[in-house]
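Q: If you count by the UniProt record's numbering, then the sequence shown holds residues 1 to 559, one letter each, in order.
Among the clues, some could well be false.
Unchecked claim - Once the Cα atoms are required to be at most 30 angstroms apart in a straight line, the calculated BS3-like pairs of lysine-lysine come out as:
no., residue 1, residue 2
1, K160, K210
2, K98, K210
3, K240, K8
4, K160, K172
5, K98, K8
6, K172, K61
7, K22, K8
8, K172, K210
9, K8, K61
10, K8, K210
11, K98, K61
12, K210, K240
13, K22, K61
Calculated from the structure, these hints are not laboratory results.
Values in this document were obtained by computation on a predicted structure and should not be read as measured data.
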Amino acid sequence: MSSPTPFKMRLVHLDLKGAPPKVSYLSEVFPLFHSLGANGLLIEYEDMFPYEGHLRLLRAKHAYSPSEVTEILRLARLSELEVIPLVQTFGHMEFVLKHAAFAHLREVALFPNTLNPHEAESLALVQAMIDQILELHGDVRWLHIGCDEVYYLGEGETSKQWLQQEQNSHAKLCLSHMQAVASHVLTQHPGVTPLVWDDMLRDIPQEQLKASGVPQLVEPVLWDYGADLDVHGKVFLIGKYQECGFQRLWAASAFKGATGASQALPPVEHHIRNHELWLQVAGSGPRDALQGIILTGWQRYDHFSVLCELLPVGIPSLAACLQSLVHGALDYSASEPGHLYMDCVVRPGAPADCAATTFHMFTGKQPPGLAGAPQDAVPFAHSTQRSGVLSEHFCLWTVSGGFAEDVRLRAERLLGVSSLEIADTVSEGAGSFPGSDIHALVTQISLHLRSSVDTLLERNRYVTGWFSPYHRRRKLVHPVMIQHIQPEALSLLSRWNNLVQQLEVALQPVFYPDTIEEWLEENVLPSLQRLQDLLQDLGEAAARQPPPTSPGWDTGQNP
Numbered sequence: 001m002s003s004p005t006p007f008k009m010r011l012v013h014l015d016l017k018g019a020p021p022k023v024s025y026l027s028e029v030f031p032l033f034h035s036l037g038a039n040g041l042l043i044e045y046e047d048m049f050p051y052e053g054h055l056r057l058l059r060a061k062h063a064y065s066p067s068e069v070t071e072i073l074r075l076a077r078l079s080e081l082e083v084i085p086l087v088q089t090f091g092h093m094e095f096v097l098k099h100a101a102f103a104h105l106r107e108v109a110l111f112p113n114t115l116n117p118h119e120a121e122s123l124a125l126v127q128a129m130i131d132q133i134l135e136l137h138g139d140v141r142w143l144h145i146g147c148d149e150v151y152y153l154g155e156g157e158t159s160k161q162w163l164q165q166e167q168n169s170h171a172k173l174c175l176s177h178m179q180a181v182a183s184h185v186l187t188q189h190p191g192v193t194p195l196v197w198d199d200m201l202r203d204i205p206q207e208q209l210k211a212s213g214v215p216q217l218v219e220p221v222l223w224d225y226g227a228d229l230d231v232h233g234k235v236f237l238i239g240k241y242q243e244c245g246f247q248r249l250w251a252a253s254a255f256k257g258a259t260g261a262s263q264a265l266p267p268v269e270h271h272i273r274n275h276e277l278w279l280q281v282a283g284s285g286p287r288d289a290l291q292g293i294i295l296t297g298w299q300r301y302d303h304f305s306v307l308c309e310l311l312p313v314g315i316p317s318l319a320a321c322l323q324s325l326v327h328g329a330l331d332y333s334a335s336e337p338g339h340l341y342m343d344c345v346v347r348p349g350a351p352a353d354c355a356a357t358t359f360h361m362f363t364g365k366q367p368p369g370l371a372g373a374p375q376d377a378v379p380f381a382h383s384t385q386r387s388g389v390l391s392e393h394f395c396l397w398t399v400s401g402g403f404a405e406d407v408r409l410r411a412e413r414l415l416g417v418s419s420l421e422i423a424d425t426v427s428e429g430a431g432s433f434p435g436s437d438i439h440a441l442v443t444q445i446s447l448h449l450r451s452s453v454d455t456l457l458e459r460n461r462y463v464t465g466w467f468s469p470y471h472r473r474r475k476l477v478h479p480v481m482i483q484h485i486q487p488e489a490l491s492l493l494s495r496w497n498n499l500v501q502q503l504e505v506a507l508q509p510v511f512y513p514d515t516i517e518e519w520l521e522e523n524v525l526p527s528l529q530r531l532q533d534l535l536q537d538l539g540e541a542a543a544r545q546p547p548p549t550s551p552g553w554d555t556g557q558n559p
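Given the sequences, and given the hints that come with them, work out the whole structure.
A: Listed below in structure tokens is the structure:
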């Protein structure tokens, strides 16, 4: 795909520690990912990988079989998506350390998230996990070894004693484990380069990082999912890492799963903004500083947290983010919202291919040499040589309006949706992409189920005035009030039960039963239970004989 994006590789992250899709669904969405502009996958298996031997107990109930993993890799190749597997090897080890067989390898005995780096058995454990994963993945070029959010590192008893020695530090402890894991990958699996999340490296002094040898072993992935990403800070960090000796760097954004542990619908504008800012980072730093970008789609914040947005629900956000990376994005830094106008100009005789160009973000007046822009355009991004002479460039111009029209239209066409905006109702324009029925139904439930029940229970005058919690506890009700409350409650319950049944039918081909059960129990059943409880209390109150005393049956006015 020829495009002006500075990110040569654009990987969609599949976080399988929650709501892992069935392989049949992946066969449908992989071609869509490719059409949207992705050329790779970061697959975080966690407990969905078919570990064998003493690691077999790590498997989830519905873990993929070896043949299913092989099929996933085949499907990825068919859609020209390069696979990078991810296995956590330091922090986020809950899926391993929760088991009694490995609990003795915890850094802090009470917490299962971080591995004790002092134990030889800890290194042997992650080496075995790596070897099994790479055995099934054949000729991959990269392996992501995690190493993010290594909470409580240094707080274990062994670490506390180790840190008492003058030459030791938390940074040294972290780097030594990274070095050991990465060295195993490079030694035992030649041709495979380890990637690591960068957060544990950010605050390590430059000289210490350089002297550790880690920059020669791994490629850091700079991650930031915010709509307020600090562009200058990221450019500075890129410079620091390069000076330390890291040969290649990566970026990581988010298209879902980064704005709340229990988020059901992704805030698309937040995620688009995050990608625009990463474009600014790529355009402001050295040419080709970033090897690629990973569009993360977290499904849980950690192994024990609730589910974030389901993958089908996140696809419109993914589409907007990928298309923004490939074709341009909205300039929020301009004084007014704007569309993007893209112009690719090359030197005479050169092929008209912008894929290798880079760009620098700016606002201000048009620089010399950039001609042919729309009359009402404001320059947003361009590529230049260091001398400032524009022998070849690509340009983004902001034009009055809102979300980049060409980007929006491309995404909507690829998804078969009438609008990328969150719709209030399920309609024929909800989309034709795989899982669009799930997206439409989840949207409807998330926007309206709880609020409709709240409206009945907390703002309906018959319920609040004549069937309050006081009345419900004592099973007291004016007989005429039953006629006002019961039909509405039954109608509301029937409507939502019907919609939930439709959702269950839509979810079954995509997800395993435990995912469906969890999502419904978290997002649907509490509200339905409130309705059912209301109807049960109403029925019991109606069945009772009028009590000898009551709070007063005179309503004061005809309802």
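Q: Identify every previously stated hint that the structure contradicts and give their numbers, smallest first.
A: Of the numbered hints, 2, 5, 6 and 9 do not hold.
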